[in-house]
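With the hints as constraints, model all of the structure from the sequences given.
Listed in order, the protein sequences are those of chains A and B. Counting in the numbering used here, the first sequence runs from 1 upward without gaps. Counting in the numbering used here, the second sequence runs from 1 upward without gaps.
Treat the hints as calculated values from the structure; they're not laboratory data. Don't be surprised by glycine CBs; every beta carbon is placed ideally from N, CA and C. Watch out, some of these pointers could steer you wrong.
[What the hints assert, rightly or not] Here are the computed lysine-lysine pairs in the DSSO-like style, where the Cα-Cα straight-line distance is at most 30 Å:
{"#": "1", "chain 1": "B", "residue 1": "Lys26", "chain 2": "A", "residue 2": "Lys36"}
{"#": "2", "chain 1": "B", "residue 1": "Lys97", "chain 2": "B", "residue 2": "Lys69"}
{"#": "3", "chain 1": "A", "residue 1": "Lys41", "chain 2": "B", "residue 2": "Lys105"}
[Claimed, not checked] DEER-style ranges, computed between Cβ atoms:
{"#": "4", "chain 1": "A", "residue 1": "Lys52", "chain 2": "B", "residue 2": "Glu17", "range": "44 to 54 Å"}
{"#": "5", "chain 1": "A", "residue 1": "Asn17", "chain 2": "B", "residue 2": "Thr67", "range": "22 to 32 Å"}
{"#": "6", "chain 1": "A", "residue 1": "Gln54", "chain 2": "B", "residue 2": "Thr20", "range": "23 to 33 Å"}
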Amino acid sequence: ETGVTQTPRHLVMGMTNKKSLKCEQHLGHNAMYWYKQSAKKPLELMFVYNFKEQTENNSVPSRFSPECPNSSHLFLHLHTLQPEDSALYLCASSLGGATTQYFGPGTRLLVL
Amino acid sequence: SQQGEEDPQALSIQEGENATMNCSYKTSINNLQWYRQNSGRGLVHLILIRSNEREKHSGRLRVTLDTSKKSSSLLITASRAADTASYFCATEGGSEKLVFGKGTKLTVNP
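The structure is reproduced here in structure tokens:
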């Protein structure tokens, strides 16, 4: 396992629920990422944070709201999701730029 | 798009055989990376090859890069059942973002 943890590992929520995904890295990295992985689709980059500042929002619907209080923690707040949002949500961190990314184990999300 | 595309989509081999996976991309890159993902888990970085490199080795892994053909290959020698996973290439073309392909699902049968 890498030094990137994610909680919860599994989450089932209804379309009216509000939940949050948490990511924590212990690698001293400056950049953190949220990715969405759906079946039979390439990994989709959602958000990028560098030194706590959001540098990328890849046209993600507003029902996904990221938060990065410091360089070690990253949250993804979920609100009024749709069934098609069911996927594996992966967090990653890196030293920034095009360097190696270190991934957490992911949160398997099911929206009913 | 810059997106890498792996080939084949799925590969099944016997333990001890070599496995070769290919990645093609469309635009110029600064580097190309290979990652592995066990079922339902996070991705694990395997190897990074820069645009001015042609070949790189790491243990049983050998990666080649041909920028003229915009392609890369990952060779796993003497495969083991534990190598069963999905393998992804990721390209970086100056935007400091990695763009991943859909992956090759490798099954190594004992």
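Quick rundown of the hints versus the structure:
no., hint, result
1, Lys26/B / Lys36/A, "23 Å, holds"
2, Lys97/B / Lys69/B, "22 Å, holds"
3, Lys41/A / Lys105/B, "13 Å, holds"
4, Lys52/A / Glu17/B: 44 to 54 Å, "47 Å, holds"
5, Asn17/A / Thr67/B: 22 to 32 Å, "48 Å, violated"
6, Gln54/A / Thr20/B: 23 to 33 Å, "39 Å, violated"
Consistency note: the structure conflicts with the earlier hints numbered 5 and 6.
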